[in-house]
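Colleague: These protein sequence lines map, in sequence, to chains A and B.
Those letters in the first sequence? Residues 1 to 280, by the numbering used here.
Those letters in the second sequence? Residues 281 to 516, by the numbering used here.
The hints are simulated quantities; they were obtained by calculation from the structure and are not laboratory data.
Check before you lean on any hint, since a few could be wrong.
Stated by the list, open to error - Below, computed lysine-lysine pairings styled on DSS-like, alpha-carbon distance capped at 27 Å: (1) B:Lys-362 / A:Lys-38; (2) B:Lys-490 / B:Lys-479; (3) B:Lys-296 / B:Lys-333; (4) B:Lys-490 / A:Lys-273; (5) A:Lys-178 / A:Lys-38; (6) B:Lys-333 / B:Lys-490; (7) B:Lys-479 / B:Lys-458; (8) B:Lys-407 / B:Lys-391; (9) B:Lys-490 / B:Lys-458; (10) B:Lys-296 / B:Lys-458; (11) B:Lys-407 / A:Lys-38; (12) B:Lys-391 / B:Lys-362; (13) B:Lys-362 / B:Lys-327; (14) B:Lys-327 / A:Lys-178; (15) B:Lys-327 / B:Lys-296; (16) A:Lys-178 / B:Lys-362; (17) B:Lys-333 / A:Lys-38; (18) B:Lys-479 / B:Lys-327; (19) B:Lys-327 / B:Lys-407; (20) B:Lys-490 / B:Lys-327; (21) A:Lys-178 / B:Lys-490; (22) B:Lys-458 / B:Lys-407; (23) A:Lys-273 / B:Lys-296; (24) A:Lys-38 / B:Lys-327.
None of the values given here were measured: they were computed from a predicted structure.
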Amino acid sequence: MLDFLVELFSYGFIVRALLVGTFVSLCSALLGVSLVLKRYSMIGDGLSHVGFGALAVAAVLGWAPLAVAIPVVMLAAFLLLRLSDASRIKGDAAIGLLSASALAAGVMLISVTKGMNTDLLNYMFGSILAMQSSDVWLSTLLSVAVLLLYVIFYNRLFAVTFDENFARAGGIDTGFYKALLAFLTALTVVLGMRMMGALLISSLIIFPALTAMRLCRTYRSVIICASVLAVLCFWSGLILSYLYETPTGATVVLINLLFFCLFSLLSLLRRRKRSHSLSE
Amino acid sequence: MPLLVCRDLVMSYAGKTALSGVSFEVAEGDYFCIVGENGSGKSTLLKGLLGLKRPDAGEISYAPGIRREGIGYLPQQTDVQKNFPASVMEVVLSGCLNNGGWRPFYTRRDKERAMENLRRLEIADLKNACYRELSGGQQQRVLLARALCAAGRLLLLDEPLVGLDPLVSAGLYRLLMKLNRENGLTIIMISHDVQSVVKQADKILHMHTKPLFYGTAEEYRQSELGRRFLGGAVDA
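The shape of chain B in the complex, shown without the other chains (with noise of 0.2 Å):
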C-alpha cells in the first residue's frame, strides 16, 4: 500500500489552472522529487499535497495512519523569518506543536525530541544561539529539525537549496540521504536544480501544468526530456 496516491489532480492558482492530469504514487520509504520551471504548478501541487489548497478536481489520499499534522515541512523561507529575534531551540521546539493537541507549554518529551533533531542535524552546539545571525545553510538545517520534530514518517520540502552556495547543498544533500537511507523516512522533494536531484532521488515527476515524466531517476536519464535537461552531462 503506498504512503500517497494522487489521482487525476486539477488545481488552479488566481482563476488559472495551475496543474492538470496529475498522478503519481508515493511508496515508504521512497526519495521522491517534483522538478519543473517556475510557474509549473509545483508549489500549487504543494500546498494540495500539505492540504493547504483543495484540489478542483481528483483525489490526494494518504495511507492510513499518515495524518496531515504529521508531515514534516519545510517551507521556503520568508523576510519575516530572516530579521526573526528568536533561538534555535525555541524555533524547533515549534515543531512539536502540531503534534501536541491543545497543551498549552512543551513537555519535556518535545525538548528531548528538539534535541535528538538538532543532534541529528549536526546543530546541537547551535541551541541557543539566535536564528537571524545564522548562516543561510545553519538556517536551513534549523528549519529542517523543526520539520522533524512534526514528522512522523513523511518530509515535504519546498525548494530547500536555494540561495545556498554549492558546499552547503552538498552537505544538506548528504544529510537528507541520510535520513531517507538511515532512518527510512519519506521524502517528497520540491526542486529547480534537475543535475543534482537526478544523483539523489528515486523517482522524478517532471512537471510543466502538466507532469511530462514521471518514472525512476534511472528512466528519467535515459528518457529525451531527462538528456535535454541533463544535457551532456549524463555520461559523465
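Looking at chain A on its own, in the form it has when it is part of the complex (with noise of 0.2 Å):
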C-alpha cells in the first residue's frame, strides 16, 4: 500500500491533479448546497459549457487557456442571473439556450480548424494529464480566495439562501450575494473543467449537496458532510482512474452517484424506522 502510494506521488501530473482537485471539489461542494438549494444548480452546468467554448477559442488562437476563459464564463454567469431575474425567458430556459449554443460554437470552431482530435475530447470529458505547474498555482489561490470568501460571508449567504425576502428587507444586498455566488461558481467551474471535463464537472457541484441532504439535518452538518463526500470521492476516484485507467471525470462521478444512492437508502431505511416508532 504504502509502495503504491509512494509509486503514485512520484508522478508530478498525479500531484497537481491531487491538490487542484481536492481544492476545486472542496470549493463546489460548498457553493453547490446553496446553488441546489436555491434552485440554480443548473447554473454550473450552463457554465460548463460556457467554458468550453472560452477553452475552444484560446485553444485556436493558442492563447492561455485560463486567462481566456475565466472572464468568459464569469461574464455568463453575471448574463445568466440577469437573464433569470429580469426577462420573459425563465431561468432553465435560458440556461439551456446559452450553454448548448456556447458547446455547439466551441465544437465547430474545434473541428473546422483542428478537426475531431483528442484535444476536444479532453475537454469534454476532462484529462488528468491537463494540470500544468503554472496551472497549480493559480487553481490554488483562486481556490484558497473562494473558501475564504465562503467562510466569511457564510451566515449572508445562509440568510440570502434561506430566505431572500426576509435578507433584503433587513437591509441585506441579496444582490451582491447573488452574484458573488455565481462568480465563485464560475471561478470553481473554469478551475475544475479541465480535469472532469465540460460536461462532468456540473456534478462535483450539485452531487456532494444532493447526497448529505438525503442524511443531515442542520445547515452546518449539510456543508461538512458535503465537503468531506466531495474530498473523499475525489481521491478515490482518482486512484480508481490511475490503477485502472479509466477517465477521471467519470470515475468520479460515478462513484459520487454510489454515495447518493448509499444515502438515499440510509434515509429510506431511517424514515421507514420513525413511521414505525410513530405508528407503534
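Got two chains here, separate frames each, mind docking them using the hints?
Modeller: Dropping the structure here:
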C-alpha cells in the first residue's frame, strides 16, 4: 500500500491533479449547497458549457486557456443571473439556450480548424494530464480565495439562501450575494473543468450537496458532510482512475453516484424506522 | 408622534396600479391590521412599507429611531424553505444579521437574543430540531422568533396564519396579543381572515385597490362594510 502511494506521488501530474482537484471539489461542494437549495444548480452546467466554448477559442488562437476562460465564464454567470431575474425567458430555459449555443460554437470552432481530435475529447470529458505547474499556482490561489470568501460570508449566504425576501427587508444586499455566488461558481467551474471535463464538472456541484441532504438535518452538518464527501469521492476516483486507466471525471462522478444511492437508502431506512416507531 | 405615516400612497405592480390614495398612521403600540381580498394591493403595500418597492407617489415615513433594518418581518413561506435542511437555531439566528453590521460571525449576544425569543414563543425545546420536520404552526413560530430577533419595536406580518388549523391559529393569535400588550411591540398584520382579525386589532384598514375603510376595530364593526364582511356574527 505504502509502495503504491509512493509510486503514485512520484508522478508530478498526479500530485498536481490531486492538489487542484481537492481544492476544486471542496469549493464546488460548498457552493453547491447554496446552488442546489436555491434551485440554481443548472447554472454550473450552463457555465461549464460556456467554459468549453471559451477553451476552444483559446486553443484555436493559441492563448492561455485560463486567461480566456475565466473572464468569459464570469461574464456568462452575470448574464445568466440577469436573464433569470428580469426577462420573459425563464431561468432554466435561458441556461439551456446559452449552454447549448456555447457548446455548439466550441465544437464547431475546433472541428473546423483542427478537426475532431483528442483535444476536443479531453475538453469534454477531462484529462488527468491537463494540469500544468503554472495552473497549479493559479488554481490554488483562486480556490483559497473562494474558500475564504465563503467562510466570511457564510452566515449571510445562509440568510439569502433560506429566505431572500426576509434578508432583503433586513437590509442585506441580496443582489450582491447572488452575484458573488455566481462569480465564485464561475471560477470553480473553470478551474475544475479541464480535469473533470466540461460535461461532467457540474456533477461536483450537485452531487455532494444532494447526497449530504439525504441524511443531514442542520445546515452546518450539510456543509461539512458535503465537503468531506466531495474530497473523499475525488481522491478515490483519482486513485481508481490511475489504477484502471479509466477517465478521471467519469470515475469521480460514478463514485459520487454510488454514495448518493447509499445515502438515499439510509435515509429511506431511517424514515421507515421513524414511521414505524410513530405507529406503535 | 406616530411610528409610521403613509400619505396619499400610489403604487403599481407589473405596470398596473395596485393601490392608490392610501393614507394612514400607526402609533407606537398599535395592533394594526390590513385586510382585503387577494389582489387588493395588500402585498404591494407591505413591500412599500419594507422598502422593497418604491411608491410611485405619496410618502411613507417612519419616526426617527426606526430603521428599516429594525423591522421584524414575517414573510409568507416559500417552497424552498419547506424542505430546507437547517436547525431551528440556525434559522432564528439569521434574524440577528440585520443588526449585525459587517461582522461575519454571530456573537454571544446574538445567541442569547435568539434563545430569549425562542423562550418567548414557547419553542425553546425545539432549539436543535430540524426545521423541515416541524409542523406548520411550529415553523411559523420559528419564523416569528427570527422576526423578533430583527425587530426593535415594529413587527410586520404577511398572512401569518394561512394554512394553519384553527387551534394552532388561536395559539399564534394569543402569542401576538401578548407581544403587543405585554411587550409593547407595534404590530402591522396583513390578513384576509377578517373575522378573527377584528377581535384582535385596534385599527383596521380595509383595502380594495383604494382604502374602503380606515378606523378603529370598533368603528369597523359598526360600519356598513364591516357588517357585510363579518356577516351576522357581529352581535353574537
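Colleague: If you check each hint against the structure, which ones fail?
Modeller: 4, 9, 10, 19, 21 and 23
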